[in-house]
Structure formats: C-alpha cells, structure tokens
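K.L.:
Here is what each chain is made of, one letter per residue.
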Amino acid sequence: MSENQNPQGPSRDVARHDGDGTVAQTDRFVDPGVPEHHPRLADVDPKAAKRNERIIALLFAISCLGTIGSVVAYFAVRPDGTTPGVRMSTVLLGVAIAVSLFGIGFAAVHWAKTLMSAKEYTEERHSSSSSEEVRGAVQQQFKDGLEDSGIARRPVLKGAVVSALALFPLTIAVPLVSSVGGDWNVGSFRHTIWKKGTRLAYDPSGRLIKASDLTVGSVAHVIPDVPAEERESHEWITEKSKAVVLLVRMDPRDHKRDHREGASYDGIVAYSKICTHVGCPVALYEQQTHHLLCPCHQSTFDVADGAKVVFGPAKRPLPQLPITVDDEGYLVAEDDFNEPIGPSYWERLK
Amino acid sequence: MSTTTTPPVAAEPSTPIGKTADYLDQRTKIGVLTKQLVRKVFPDHWSFMLGEIALFSFVVLLISGVFLAMFFDPSMALTTHHGPPAIMDGQLMSVAFSSTLDMSFEVRGGLLMRQIHHWSALIFVAGIVVHMMRVFFTGAFRKPRELNWLVGTLLLILSLAAGFSGYSLPDDVLSGNGLRITDGVIKSIPIIGSYLSYFVFGGEFPGEHIIPRLFTVHILLVPALILALIGVHLFLMVLNKHTQYPGGGRTDKNVVGYPAVPAFATKMGGNFFIIFGVLALMGGTMAINNVWNYGPYDPSPVSAGAQPDWYMLFLEGSLRLMPGQAEIVTWGDFTLSLNILIPAVVIPGLLFTFLFVYPFVEAKVTGDHREHHVLDRPRNVPTRTGLGVAFLTAFVILALAGSNDLIATHFALSINTITWVFRILFFVGPVFAFWVTKRICLGLQRKDRELVLHGHETGRIVRFANGEYIEVHRPLDEQERWLRVNYEARRPLEVEPATDARGVKRKGYKKDKRWQKLSRFFYEDRVEPVTPAELAAAHAHGEHDELEPAHEAPALVSGSGTAEREH
Ligand code: HEM
Ligand code: FES
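First to last, the sequence lines map onto chains F and E.
If you're matching positions, the first sequence starts at 1 in the working numbering and goes up one per residue.
If you're matching positions, the second sequence starts at 1 in the working numbering and goes up one per residue.
Please note: incorrect hints may appear among the correct ones.
To be verified - Residues from chain E that face chain F, not an exhaustive set, calculated with beta carbons under 8 Å:
id	residue
1	Ser188
2	Gly202
3	Pro246
4	Gly249
For the record, the hints were derived by calculation from the structure and aren't laboratory data.
From the three backbone atoms N, C-alpha and C, an ideal C-beta is built for every residue, glycine too.
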C-alpha cells in the first residue's frame, strides 16, 4: 500500500495486447493517475474541526435521550388491549428507538466523514490464482495420496466405498419419506364429506337452508351439515377446505345449463367454491351476469352456463353438487361431487 | 500510516485490551489476520452501500426474529382465543394465530417487533435486488467474481424462501390462502404433484403440520443457510478485494480507497444504526400485516384486493396472465396443467436461469479470460445494460399484473382489458426496453466522444473579425477525459475457418458459429473510445475551440445559448 502523492505513469495493462478477441489499442491515452487529494475544511481549520466535534457529541447525546425515551415509553404507556392503545405504544416505542439508533448512526458517519482521515491509498492487487509452483505441488500431493490409498489399483475397494456411501443416506431418507406425507393416501383428493342426504348449512353459522329461504338473485356460502362439535377439529378444517359450496338462486329462465345433468333444483345451483385454477375460494358473484369471479387470479365462471370458464387462467368448470329438497323443505345433497374439486393434478382423471 | 521502513515493535501489554490481545495472539496468531484486515483498502461509492442495506436488514431480522420466537407458538392445535382484540375474543383459532394476537396486544413492544421484522423482510429482499442490479450493470460479476454472483443469486432465492415461510406463520386468512395457492401449484407438477403436496403438508391441505414445519424452515434452515452463504459472500469479497469504479489511477492491478480502520469501519457501523433506525421508524409508524383484521385461517372466506408481499407479486402476476386453455389432457388421460406450470415454474425458472448463467454466457461471447477489477460504466456495455433493463421490465410487468385488480379498480378499467394489455406487454415490453436502453447507451457513448473531442460547451458565443460566430468550448481536464476514453469497445468473436489448412472439416465449427452469432448480437453495434490521434485531429480542424476570447479579442456576443451558432 502506498500513499498517492504523485500521479502514476501509464498503466501497463491498458495497452497490453490480450489476444482474446478484443483488439489491443496501442494508441491509447495515458492514465493521469489518482486525482489530487483536497483537504476538507476540518483538516485545515481547527475551528471547523471543533464544530464537527460538537455536532458529533450532540448526536450521541440525542441517542442517549432516545434510549431513555424508549424506556420511559415502555413503562409509561401500557397498551390497554384496544387497537388504538397498542398503536400508541408501538409508535412511541418505535420513534424513541429510531432516535436512539439514528443518533449513533449519524454521529458515526459524521465523525468518519469529517474528522477521520480521508486520504486515499493505493494497494496492489495480486492475481486471484495461486502460482504454478503451488498448483504443481498440490497436484503432486493429491497424486501421492491417491497412489498411497491404492484406490486405482484396487477396483473392488472403489466399488465398495462408492456403494456404501451411496446407500447410507437411505437410513435417514426411508424413515423420513415414509412418515413425512402422513398416510400418503392421495386418493382422498377425490372425495369430500358430502353424501346422499347431507343437508346444506350456512357457513359459518351451521343453520340449515330451506329452498324457500332463497330469493332469486341471492347467494349463500354453504357447508355440509355436521354436528357442531365436529366442526371444532382439524379434520373439519381439512374437510371444509374441500367441501365448501356456493349456492346461487337464479330465475330458472336465466339458467341455461347445469354442469352436471339434473344437479340443480328449481334455479338453485350449488357449485364447489374451490377454484379449479389453484384452489382459492371463489367468492365474488355478479348478479346481472351470473358471473362468479375468483379474487386470486380472476378466473371467471358463468354460473348460468354450467360454471364454464369465461375468462382467466382456470380451464375447467367448477364441479357441481347435485341438490334437491327433502320432505321438510331443506336443501340436501343427492350425492358427493362426481369429480375431484379444486386444482388439476396429474392423475385427476384416473 | 507509517512510511518508515523499520516496523514498530509491539510494546509490552499493560492495558486490559492489550493483555487480552496478547492472550489471544499467543494462541491464535490473530495479529497477522488483523493486520491485513485493519489496513485493507476499500474503494468508496454510494452504490457499494446497497449490499450493506441487505446485510444490515438481515441483522435486524435476526434480532427482531429472536424476539418474536420467544412469544410465537407454532402450533396448529385449535384453541378459543381469550383476550384482545375484542373482535377476536372467544373465536376458535389455531394456537399460532392466537399467540400472534397475544404477541401483538399483550407483549409490550411485540407489535413493534412484528412490524419491524416484516418491514425488514421487505427491505432485505429489496436491498438484495438493488444490490444485484448494481453488480449486474457495472459488470462486477466478471472474473474472478462469477462465483460470488452465484452465491448472491442463491441468497436471493433463499431470501424469497425466508419471506414466504415467515409470511405463512401467523396462520391468518391471507397466509392460509397463500399456502393454498402454493398447494395448487405443487399439485400441478406432473407425475409426482399429489405426492409432493402430501410431502409438504403431511397429508391433505391444510392438515396440522404445515405451520410447525414452516417454523423450522423459517427460523432454522433458511436463516442458517443465509448466514453461511453471507459468510462465503463476504469472505470472497475480501479475498477478491472490492471492485472500483473507473477513474484516474484505478487499474485492474490495484485498488484505490480508504483503509478499513477507522473511517471505513466507522461509516459502516454508522450505516448499520441508520438502517436499523429507518426500520424501527417504519415498524413504529407504518402498520403492516395487522392479522386481526383478516381473522384466523378458514378455507372459505377470501378478501379481494389482498396482496402478497412485493417480492411474490411477480409469481402472482405470472399466474394471472396465463390463459386457462393451456391445461391439456395427455394420452392416457393424464392432466398436464401447463396453465400453472408455465407461469409458476417455467417463467421463474427462466428468470433465475438467466441470472445464474449470464456471467458465463457474457464471458464466452466476449472471449474473455482476464480478471476485471475496474467496473464498467453501464453505457459502455450497451447490450448487457439493455438485457438487464429488459429483465427488470419483465419482472415489473409481472409484478404489476399481480396487482391488476387494484389497477382495474383504481383506474376504473375492465380487468379483462388490463390482463390482455399485460399479456401483450409481457412479450413486447422487454424487447422494446432492450432496444431503447441500447440506443440510449450508444447515444451516451457518442455524447462522450463528442465531449472528449470538442470539450464542454461554455455558452459563450464569440464573433470573429470576419463575421463568423463560434461558441467557445472548454477542453476536458485529463481526469474527465480519462473517464470517457478508458474503456474497451468489445468486438464480436472471430471464429476459425470451417476447414483447416488441409481442407479437413474442423469439429466444433458449428458450435463456434452459434457462439459467434450471439457474440455479434452483443457487440456488433459499438462506439469506440476516442484515441489521442483522433483528439489531435479534432483540434487541428476546429482550432477555434481552443481559443480564448482574450487572444483574438472578438466581441462577446452572448452569454446564453440563444445566439446563432456555427456548431
Ligand atoms: C432470513 C430472513 C428472514 C425473513 C425474510 C423473515 C420474514 C418474515 C416474515 C415476512 C414474517 C411475517 C411477519 C408478520 O407476522 O407480519 C416472519 C415471521 C416470523 N419470523 Fe421471520 N424472517 C427472517 C428471519 C427470521 C429469524 C432469523 C427468526 C428467528 C430466529 C424469525 C422468526 C420469526 C417468527 C417467530 C415469525 C412469526 C411471528 C409472527 O408472525 O408474528 N425470522 N418472518
Ligand atoms: S385460484 Fe382462482 S383464479 Fe387462481
């Protein structure tokens, strides 16, 4: 490392012929060397230096105040459980901590910029690779090592060591893989808990739905009717993820077509709420057009026309749940879905 | 810096620090390492701070993350929440969600730490991306730093994994829907999709394993990998020594800058506190991810206009743009969901492949085996700069498409129209951006040439005795000139002929030819730097450029640029 006082001479490598596709130009300008160093005000004027010293000290002092402020804020402002209360405590603490940090940060940077030496130095770089001798020596060491191990002469050993090393990860992989996927029963994608006679209930209240409750143009978010206790389990959340249904009542004259033959009841259609794209709940129903929009990537399904896709990245219509009414006038399922709900997967049609 | 030749001899240690240092050095020879580090020279430039933003945000993530980990309970067991906020009191939810609420409302400073953690995550990824842009556009990825570029790209991917896994932890409606989308994407993978979904979720979505699993990924696996790779990244940085911007005295054989201690280290330490301060201020004053507004995960509701964190938007947009028709059924009745695979796997795959291979492709088409330590000015490598801007354009278009519903409601446009515009833009935008950027670069290079040849316009118009008007030009000083002439206009590769001297067909000729084609794409258009001969010639032609008005004493006509000009 050397101090830069004088501009250096022309650097050799700029004009060097490199013979690798770029044409060397011998006719090049000469490197003027590192620009002259200009001292800062504080380098030459002790008064300016003193002023900067005071600024830095002040900034550190501000930091101390910030820290004290944060401790005071911590003890003085007890959040009372309301959102505004928590917000108040968060703002006060955050600002106080920021003051404490900024004080230190700006003080340090100001110190470095005004009072610490700003003289530039030049350091030599050396090639990133090791020298030929070193490489040669290492090669020789490896050769000797290989020779010593005798692996080249003993092919049996080579095969044995490779087999053992290649196999041993199985000791961990087998137990891991066999358990990590639960029961690995991917066939469960095909079924939901809907079956013949399951009543339709409002989500989330669980109240049953009569056909007569629904006016033309209304929409209902529906779950299968199961006992309330069953709805407080994990299995339920997983089942609900597949079973949620959107119920729409439209004027039977507007209803062009069911996706599943005869699945609707008097203009009431029940479609899976799980998008056939990647599985978001489709939830935005537009009464006039009978369009159902998935908020995730805007696939749009026409509920009046078999829930076929009219726009967006989904390909398939939403599966339809066949419904009817029972003796008491409640809506019930006639069957489970007859195809897997939700996103496509490789063996979906199997 | 002592310039004497006799090295100072260490004094007998007497202070506690001195004694500790002596104790350590007797056992580790740490003095040698410290000596090298302390006086290591670092070049200085504002853009070298971008990496620091990423680094220090990560440190803040570690600090705030440890705080969160003390109070967060990553369990999916169902519980009835008791306590604030009022809207959640008495609701059934997972323990994870409930502990997130407790942490926000009952742990003082808990919400602050959550918000600092989340903002730091956003700034962390943004810092990485901007730092990467700096490295790309200045060519800092060239030999010997290609390896560090790869480490950096891995860090980018890991940062996305960290952000995604963290975002999913609170088990609220938004994060649950994010996981569901992930599940849909996983299922689309041919042959093994269903099994992979089971692998990840431990059964059917959502099951009761995903949050604990993601927790381990989030606080152990990914941070450990990031930490290790940051170590490698910084080690390589010190080993290769930092690159420097071009300028007088800066060559590929030296490094011009400031010693690590004290000014450089102090500034860096200060930067840490400033960045931490900014993040604390953001966490304190800007609400983010107030999960009680969304509620605990429930497979049924979804809120329109919900946005993932910004770094996931490009994937979201990519999924939105792909038309559904691409889903096909192959023979044997297998479903191939190209409508998901292309946007969610192929497109990001291509984007990251571009990042991984670019340094090697560029070295190949440049025929370049040298080490580079002086950075390029982006204008001097127009094709690279154009490609970088094209890449960013594609990324931004996808991210915007990920907010197409917000754009639609904001500008009262139909979502179908916007989607179609973005579909077209995705193909046209990057090409156009490439072309424009390349033209701008070439234009700037020509302007540099002009400037070197004719000097600065001074705005002073002078009139000669013969009635001719000229504007006085001030020649560049040698530093200004050196900056503009000290680069190489790289040329397309030359390939050896198809047949050798004896007319025998050469193997590999076709391959060479293909590389040459790519090389032409890179370097066909170029602007050569001015040579001293050219400068001399320019001066000989336009001697009056050099003339000072005082010499010829022509009348000073105008100080502004409005007067009639000769040039
Ligand atoms: C490596 C970079 C990291 C990134 C990008 C990241 C990102 C995130 C994000 C976006 C969240 C959601 C925060 C929210 O609720 O709004 C989160 C949550 C969390 N993170 Fe991190 N994180 C990182 C490292 C860490 C580390 C090192 C720890 C612990 C040692 C940690 C512990 C946690 C915990 C416990 C949560 C859940 C708490 C909650 O949601 O409120 N994180 N993380
Ligand atoms: S999940 Fe419905 S459009 Fe993507």
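K.L.:
Work down the list of hints and note, for each, if the structure agrees.
P.N.:
Each hint, compared with the structure:
1. Ser188: holds (6 Å)
2. Gly202: This hint holds: Gly202 (chain E) lies near chain F, its Cβ roughly 5 Å from the closest one there, short of 8 Å.
3. Pro246: violated (10 Å)
4. Gly249: holds (3 Å)
Hint compliance for this structure: hint 3 is the single one not met.
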